[in-house]
Amino acid sequence: DLHFMKKIPPGAEASNILVGELEFLDRAVVAFVRLSPAVLLTGLAEVPIPTRFLFILLGPLGKGQQYHEIGRSIATLMTDEVFHDVAYKAKDRNDLVSGIDEFLDQVTVLPPGEWDPTIRIEPPKNVPSQEKRKIPGVPNGTAAHGDAEQPGGHSGPELQRTGKFFGGLILDIKRKAPFFWSDFRDALSLQCLASFLFLYCACMSPVITFGGLLGEATEGRISAIESLFGASMTGIAYSLFGGQPLTILGSTGPVLVFEKILFKFCKEYGLSYLSLRASIGLWTAILCIILVATDASSLVCYITRFTEEAFASLICIIFIYEALEKLFHLSLYSHFYLVKCNSVISYYYNLVLMLYNILLGVHATLLYHIYLLGFFPKECKKFHGEFLGRACGHHGPYVPDVLFWSVILFFSTVTLSSTLKQFKTSRYFPTKVRSVVSDFAVFLTILSMVLIDYAIGIPSPKLQVPNAFKPTRDDRGWFITPLGPNPWWTVIAAVIPALLCTILIFMDQQITAVIINRKEHKLK
Numbered sequence: 001d002l003h004f005m006k007k008i009p010p011g012a013e014a015s016n017i018l019v020g021e022l023e024f025l026d027r028a029v030v031a032f033v034r035l036s037p038a039v040l041l042t043g044l045a046e047v048p049i050p051t052r053f054l055f056i057l058l059g060p061l062g063k064g065q066q067y068h069e070i071g072r073s074i075a076t077l078m079t080d081e082v083f084h085d086v087a088y089k090a091k092d093r094n095d096l097v098s099g100i101d102e103f104l105d106q107v108t109v110l111p112p113g114e115w116d117p118t119i120r121i122e123p124p125k126n127v128p129s130q131e132k133r134k135i136p137g138v139p140n141g142t143a144a145h146g147d148a149e150q151p152g153g154h155s156g157p158e159l160q161r162t163g164k165f166f167g168g169l170i171l172d173i174k175r176k177a178p179f180f181w182s183d184f185r186d187a188l189s190l191q192c193l194a195s196f197l198f199l200y201c202a203c204m205s206p207v208i209t210f211g212g213l214l215g216e217a218t219e220g221r222i223s224a225i226e227s228l229f230g231a232s233m234t235g236i237a238y239s240l241f242g243g244q245p246l247t248i249l250g251s252t253g254p255v256l257v258f259e260k261i262l263f264k265f266c267k268e269y270g271l272s273y274l275s276l277r278a279s280i281g282l283w284t285a286i287l288c289i290i291l292v293a294t295d296a297s298s299l300v301c302y303i304t305r306f307t308e309e310a311f312a313s314l315i316c317i318i319f320i321y322e323a324l325e326k327l328f329h330l331s332l333y334s335h336f337y338l339v340k341c342n343s344v345i346s347y348y349y350n351l352v353l354m355l356y357n358i359l360l361g362v363h364a365t366l367l368y369h370i371y372l373l374g375f376f377p378k379e380c381k382k383f384h385g386e387f388l389g390r391a392c393g394h395h396g397p398y399v400p401d402v403l404f405w406s407v408i409l410f411f412s413t414v415t416l417s418s419t420l421k422q423f424k425t426s427r428y429f430p431t432k433v434r435s436v437v438s439d440f441a442v443f444l445t446i447l448s449m450v451l452i453d454y455a456i457g458i459p460s461p462k463l464q465v466p467n468a469f470k471p472t473r474d475d476r477g478w479f480i481t482p483l484g485p486n487p488w489w490t491v492i493a494a495v496i497p498a499l500l501c502t503i504l505i506f507m508d509q510q511i512t513a514v515i516i517n518r519k520e521h522k523l524k
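For what it's worth, UniProt numbering labels the leading residue of the sequence shown as 1, then goes sequentially.
Everything labelled a hint here was simulated from the structure, so no lab data went into it.
Among the hints, erroneous ones may be present.
[Unchecked claim] Derived pair list, reagent style BS3-like, types lysine-lysine, alpha-carbon separation capped at 30 Å: (1) K164 x K176; (2) K264 x K326; (3) K462 x K326; (4) K326 x K421; (5) K424 x K89; (6) K6 x K125; (7) K89 x K6; (8) K260 x K462; (9) K326 x K267; (10) K7 x K125; (11) K462 x K267; (12) K164 x K174; (13) K89 x K432; (14) K260 x K470; (15) K264 x K462; (16) K421 x K91; (17) K470 x K326; (18) K421 x K462; (19) K424 x K91; (20) K432 x K421; (21) K264 x K470; (22) K89 x K421; (23) K260 x K326; (24) K432 x K91; (25) K7 x K89.
Work out the full structure: start from the sequences and follow the hints.
Next up, the structure:
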């Protein structure tokens, strides 16, 4: 069909729909295949163009007409502009089903008793644009003026200002109360086990990570154990009444920068960091209560997508910077040759050295001092000594390369995590297995790297967490007085940094909630 071929635009691809009956089938088998790249299947299409999509339907005998109508429906779907884009970008069956549902919402159906199928409808002179259908959440491609979204694209009853004292909090409690007990009942399922493990790692990993960074920044005054204890208390309270487990509750990058600046300020002016931090914490709590009472969360509707992406990028940049800084810090103190191997000789040869000292005088004394200071491997073997220590093998010192091994762990973790995250769109294993591996990419990566590091045995740096439930430093307790050794006016002056801290916490929590609760995540 050369005449038909001339009408096809360059770069066009075909969709082949195949239906049929087989006598040995008990039920219908359906497959929707997207080829990457498009393949020229000779003799299948009417014209020789590459095939991108294949729809195959095989079923038992006796229902050939139904299969034919299904094939016609799929052909109609593939001619739709919007479903066409969905088919190209779909990652799983749910995406295709959503595209079909959208098509059914928009399609015009003529009842068979009201129209003669022999009469053909003339094509329109101007085809209306389908761009409005591509806007999510807008029914029938149009939106009423009264239902326009808020400036930032975030709308809902929970973001409306009530104008009452603690009005937003009261409405949140009323909305949450009917589902409070059902949340616990629904969680008693094996299907929730994967979510529990993921949430545990997702919530605890940043707490431990930033806890270690805080310990370095504050010289152990606030470290991992304090961060874990604080995140545990706030996490339990927030999970019982809040309902969104992925909202940030612990330290973040901006808060870490704030703590570094505050600690440096206290150190330069001779102030007690923990006492001043306690005063700032109390003022911050008071200011946060004021924000709740005045429905300040309604300001979230003005947060734009640019602000969300900038905040998410800031967190990523801080994590990457801190990781690279740790590697650089490790290179200063863990040289690949900086390992000592101790050698000890037997009691018999020790007596021989003492006898040499008596008989040979100065020369033997020099040899004995060499023994006291340690032997070279050659002398240690000569006097039948033993190599002691983790850096020693049976035949001499073995130097484990802490720095290079840490670099290997660093890049292996990044590569493996990225690979497992993209495993969902790979061609291996069933869809369910790929989805599980992709969802647990970070958890599986951390677990694998920890086991490999443990098996190799090289003493790479570890996060120092106390074995007992006690503060990191022994010179303080759990309770810190806001005044302490600081002057009395520091309690009042702490309201200024508390205001900055409140802004950071408010922005962290609210922007994170906006990112998590996006409409495309389809949370209920």
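For each hint, the structure was consulted:
Of the pairs offered as hints, the one joining K164 and K176 holds, with about 19 Å between alpha carbons and a cut-off of 30 Å not exceeded. For the suggested pair K264 and K326, the alpha carbons sit about 20 Å apart, so the restraint of at most 30 Å is met. Restraint check for K462 and K326: satisfied, since their Cα atoms lie roughly 12 Å apart, inside the 30 Å limit. For the proposed pair K326 and K421, the alpha carbon gap of about 25 Å is at most 30 Å, so the pair holds.
Under the criterion of a C-alpha separation no larger than 30 Å, the hint pairing K424 with K89 is consistent with the structure, at around 14 Å. Using a Cα cut-off of 30 Å, the hinted pair K6 and K125 holds, with the two alpha carbons roughly 22 Å apart. For the suggested pair K89 and K6, the alpha carbons sit about 28 Å apart, so the restraint of at most 30 Å is met. For the suggested pair K260 and K462, the alpha carbons sit about 22 Å apart, so the restraint of at most 30 Å is met.
At roughly 23 Å between alpha-carbon atoms, K326 and K267 fall within 30 Å of each other, so this suggested pair holds. Distance hint between K7 and K125 is fulfilled; the C-alpha atoms sit about 19 Å from each other, no more than 30 Å. Distance hint between K462 and K267 is fulfilled; the C-alpha atoms sit about 27 Å from each other, no more than 30 Å. The straight-line distance between the Cα atoms of K164 and K174 is roughly 15 Å, inside the 30 Å bound, and the hint therefore holds.
Among the hinted pairs, K89 with K432 is consistent with the structure: their alpha-carbon atoms are about 19 Å apart, no more than 30 Å. The straight-line distance between the Cα atoms of K260 and K470 is roughly 23 Å, inside the 30 Å bound, and the hint therefore holds. With a C-alpha separation of about 25 Å, the suggested pair K264 and K462 falls inside the 30 Å cut-off, and the hint holds. Under the criterion of a C-alpha separation no larger than 30 Å, the hint pairing K421 with K91 is consistent with the structure, at around 14 Å.
In summary, the hint linking K470 to K326 is supported, as the alpha carbons are separated by about 26 Å, within the 30 Å threshold. This hinted pair checks out: K421 and K462 have alpha carbons roughly 25 Å apart, not beyond 30 Å. Taking the CA atoms of K424 and K91, the gap is near 8 Å; set against the 30 Å cutoff, the hint holds. In summary, the hint linking K432 to K421 is supported, as the alpha carbons are separated by about 14 Å, within the 30 Å threshold.
Restraint check for K264 and K470: satisfied, since their Cα atoms lie roughly 25 Å apart, inside the 30 Å limit. About 18 Å separates the Cα atoms of K89 and K421, which keeps this hinted pair within 30 Å; it holds. Between K260 and K326 the CA atoms are separated by roughly 16 Å; this keeps the pair inside 30 Å, and the hint holds. With a CA separation close to 13 Å, the supplied pair K432 and K91 stays within the 30 Å bound.
For a cut-off of 30 Å, the pair hint linking K7 to K89 stands: about 26 Å separates their Cα positions.
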